[in-house]
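Top to bottom, those sequences are chains A, B, C and D.
Going by this note's numbering, the first sequence opens with residue 1, and the numbers climb by one from there.
Going by this note's numbering, the second sequence opens with residue 152, and the numbers climb by one from there.
Going by this note's numbering, the third sequence opens with residue 303, and the numbers climb by one from there.
Going by this note's numbering, the fourth sequence opens with residue 454, and the numbers climb by one from there.
Check before you lean on any hint, since a few could be wrong.
Just the calculated beta-carbon pair ranges, DEER-fashion [stated by the list, open to error]:
1) Gln353/C <-> Ser217/B: 24 to 30 Å
2) Gly575/D <-> Ala354/C: 45 to 51 Å
3) Ala319/C <-> Ser298/B: 33 to 39 Å
4) Glu70/A <-> Glu290/B: 52 to 58 Å
5) Ala3/A <-> Arg455/D: 14 to 20 Å
6) Ala168/B <-> Glu579/D: 51 to 57 Å
7) Glu592/D <-> Met152/B: 57 to 63 Å
8) Gln291/B <-> Gly28/A: 49 to 55 Å
A short list of chain C residues far from chain B (calculated; beta carbon distances all over 10 Å) [claimed, not checked]:
9) Gly314
10) Gly330
11) Arg331
12) Gly332
13) Ala354
14) Gly355
15) Glu365
16) Pro367
17) Leu388
18) Ser403
19) Gly425
20) Glu430
21) Gly431
22) Ile434
23) Ser439
24) Leu448
FYI, nobody ran anything at the bench for these hints, they're computed from the structure.
Here the structure is a predicted model, which is why all the values come from computation and not from measurement.
For glycine and all other residues, C-beta sits at the position ideal for the given N, C-alpha and C.
Next come the chains, spelled out residue by residue.
Number of protein chains: 4
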Amino acid sequence: MRARQISVVGSGSEWEAQAEQVGRLLAGRGCTVVTGGGDEVMAAAARGARQAGGRTVGILPGESPSAANEWIDFAVATGAGHARNLAVAASGEAVIAVGGSWGTLSEIAFARRLGRPVVVLGGGPEVEGEGIARATSPEQAVELALSALES
Amino acid sequence: MRARQISVVGSGSEWEAQAEQVGRLLAGRGCTVVTGGGDEVMAAAARGARQAGGRTVGILPGESPSAANEWIDFAVATGAGHARNLAVAASGEAVIAVGGSWGTLSEIAFARRLGRPVVVLGGGPEVEGEGIARATSPEQAVELALSALES
Amino acid sequence: MRARQISVVGSGSEWEAQAEQVGRLLAGRGCTVVTGGGDEVMAAAARGARQAGGRTVGILPGESPSAANEWIDFAVATGAGHARNLAVAASGEAVIAVGGSWGTLSEIAFARRLGRPVVVLGGGPEVEGEGIARATSPEQAVELALSALES
Amino acid sequence: MRARQISVVGSGSEWEAQAEQVGRLLAGRGCTVVTGGGDEVMAAAARGARQAGGRTVGILPGESPSAANEWIDFAVATGAGHARNLAVAASGEAVIAVGGSWGTLSEIAFARRLGRPVVVLGGGPEVEGEGIARATSPEQAVELALSALES
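Just need the whole structure built from these sequences, with the hints factored in.
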C-alpha cells in the first residue's frame, strides 16, 4: 500500500528549522513528504524527512528534474510554472504551510478548494476559514494534520 | 494597439449585480474584460461589459470553448482545470475580485505573486497585503484598479 | 453569437507567407484566429487575419500578455509553458498546422486527442491518422478545415 | 543521489506484457519508472518495476492521488488534465513509448521538444525524427534509452 502523502509548502529562510522538524516528524509517522522541490522551506522539509528515513517527492515548476534540491528522492518536472502549485496542493492528503507568501497562499487556497485539510504554522499567510487550523509548533502542526485525516 | 485587459474574478450569485456593474464600467473605460468564463460573477461581469459595448475573454477550465457563458466573445479552453486560475490572474493587468471563495483566493494570490494590483470588492476572501486594495462599490473598484496601473 | 474559432499552429519563417494567407482566408470566412501568440507562423497568421478585418487571440506560454505579437487583439498569458499547447489545440474547433516541429506535433496530437479535425499544410510534421487531412495550399487548408466542421 | 528516472508512456491492453517487461528491466538497471499513473501500459510498466524491486512514480491528470494504479509508490495529482503529459515527458531523462495513440504522441512530441531521447517500441505512433529510435523488443528499448543517456 502507498504511504500517506502530506504536502509541506512555504518559504522564508527563517522558517527552515521548523520546516525541517515538520519533515522529520512526518517521516517518523510513515508519511511521504511532498514539496515544491525548491529551496528554503521546501528543502528543509525534505531534508528533515530524509534524516528520519522518509521518502520525498518534489514537484517542480520547471522542465528539468535535476533542478530539485538534493533531498528529493523523486523529482517531477511539470514545466507548468506556478501552475504546479495546484499539483503540490492536490498531491497531499493534507497540507502544512510553514511561513510563505503569495505562492504559499495559492497552494493553501487550492488545497481548500479541493477539500484538503490545511495547517498553518505561525508566520504563514493571514488566511482563515473552514478547514484551516493554526499551529504554534511543528509537533502540533503534524498532529493537527494527521488527526484531520482520521476524522 | 491592444486594449487594456482587466480580469474580474469571484463567485456567488449575490454578487452578480455588482460584478455586472464592474464589467460595464470597465468596458466604458475601454478595457477588455477577462474572466474564467463560467457562471455567476464571471457571467455577470461579461454581461455588463457587453452591454456597454465592450469585449470579453473567457478562460475556461475545461476542454471545450462552447462551455463559455453567452457573453464571452473569445473563449479559451485551457483543459487545465483549476490551473487555469493562473491564466486568469496573469492575463489581466489588474484583477478585481467580487465575492468569491477559495478559487478566487487562489487567483488573488497568483495575481500578487505576479505583481498585478488587486482590488477586492466587499465580500471577497479575507486577504490583506501589499498591492491589495479594498473597495466598497463597483465605481471605486474600477477606479482603484485603473489608477494602480497609472502609477 | 460567438464567432467560430480556428487555431493556426506551426513555426518556421519560410512558412510565414502561407500562414498569413491562411489567417486572411479564415478572417474572410468570419472566423476568429487563435494562435500561440508568438512569432513566425503565429504572427503571420494573426497579421493576415487582421488585414482581412478579423479578430485574433494569442495563448502565450509566459506570464505576461504584453509578450504577444502586435497582431494579437486578445492575449491570454497562461504561465504554463509548453502546457499551453493544449489550450491552443482545445480552443479551436479545428486546427490548421503550417510548417512546425515538435511543439506543433504536440498541438496536433492534443487536437486529435480532443477530436478536433486537423489540416496539415505541406511541410508540417510527418503525421498521419484519422482526422488529419493534408493540404497543398492555404485555400485548400481553410476549405478542408471548415468543411470538416460542417459534416 | 537520486536514481535515474525513465518515463514509460503508451496505451493499449495488447502492449501490457511488453510494458511490464520494460518496467522490470528498467528497475533492474536501478531506474525509477515514471508513468501517467493510469491503466494498461502505465499500470503494466509500474507492475513490472515493482516486481523487480524498483520504485514507481505516477503523474495523474486528476486531482486525487488515490486514482493511481496500485503499483504506483508515489502519486502526483496534477489536476491539469492532458497538460500533465508535459510533466510525464519532462520527468524522465529518456522516454520509452509502448503502443499508444494521440496522447502518447503528445508525450513523444514534448519529450523531443525538451531534448529527451525517445525510444518507440513497435506499435506506437508513426513518428520519426532526430532523437527517436525504434526498438523491436523490451530489451532493445531499454538498452537504446540508457545508451542514449551515456553519449
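message = Please list, smallest to largest, the hint numbers that this structure does not respect.
response = Hints 3, 15, 16 and 17 not satisfied by this model.
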